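With numbering that gives the first Met the number 0 applied, the sequence shown covers 0 to 163.
Derived from the structure by calculation, the hints contain no laboratory data. The structure displayed is predicted, hence computed values, not measured ones. Cβ atoms here follow ideal geometry from the backbone N, Cα and C, with glycine treated the same way. Incorrect hints may appear among the rest.
Between beta-carbon pairs, the in silico distance windows are [said to hold, decoys possible]: (1) Asp138 / Arg63: 28 to 38 Å; (2) Glu129 / Asp75: 12 to 22 Å; (3) Gln40 / Gly83: 28 to 38 Å; (4) Arg63 / Arg122: 20 to 30 Å; (5) Gly154 / Val100: 13 to 23 Å; (6) Asp151 / Lys78: 39 to 49 Å; (7) Ala120 / Val100: 35 to 45 Å.
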Amino acid sequence: MLAKVMERLAPRFLWRHRATSWGFANDDPEFSILPQLVDRQKLSVDVGGAGGVYAAMLVPLSQRVMVFEPVPRIVDELKKKFAGTALVRVEAIALSDASGVATMRVPVGRFWRSTIEQSNALRHSGSVEEISVRKKTLDEYALRGVGFVKIDVEGHELAVLHGA
């Protein structure tokens, strides 16, 4: 009940608390400089949303956050995690330099290393599941007012930028 009230009255405060209590703030040194990099008055984009760590860190720092993640079961988890907030939009799509369909390779037990980049050999990943995912270019979204973009797509970053 309190979380619902906080989500309405102070959503950014609530997400700052969640990110801190979930331990995200201490996971990566780059998180400490996000306040200097992110524009609070603009949209932040998280390409390769995985478990939602960056998105959770970006919510209190951004006007809104848009997360791109193509793996269906991860998309479902992200939508549950950010349910109830209008500050986060999750798009179930891979971003690349062209639209269409791609083969996403998902290392079993290491979903955060998933990629559509064929040149990524996924060394030391163990068993890999292959699924078909839709892909689009970032330009197709015609986003306005973007102040920060994080891209972590396991070797496919340049293709994402070519599509922007």
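Status of the hints after comparison with the structure:
1. Asp138 / Arg63: 28 to 38 Å: 19 Å, violated
2. Glu129 / Asp75: 12 to 22 Å: Once the Cβ atoms are compared, 19 Å apart, the range 12 to 22 Å for Asp75 and Glu129 holds.
3. Gln40 / Gly83: 28 to 38 Å: Given range 28 to 38 Å: violated, Cβ gap about 23 Å.
4. Arg63 / Arg122: 20 to 30 Å: 37 Å, violated
5. Gly154 / Val100: 13 to 23 Å: Since Gly154 and Val100 have Cβ atoms about 19 Å apart, the given range 13 to 23 Å holds.
6. Asp151 / Lys78: 39 to 49 Å: The hinted range 39 to 49 Å is violated for Asp151 and Lys78, with Cβ atoms some 19 Å apart.
7. Ala120 / Val100: 35 to 45 Å: 22 Å, violated
In the structure shown, a violation is registered for the earlier hints numbered 1, 3, 4, 6 and 7, in ascending order.
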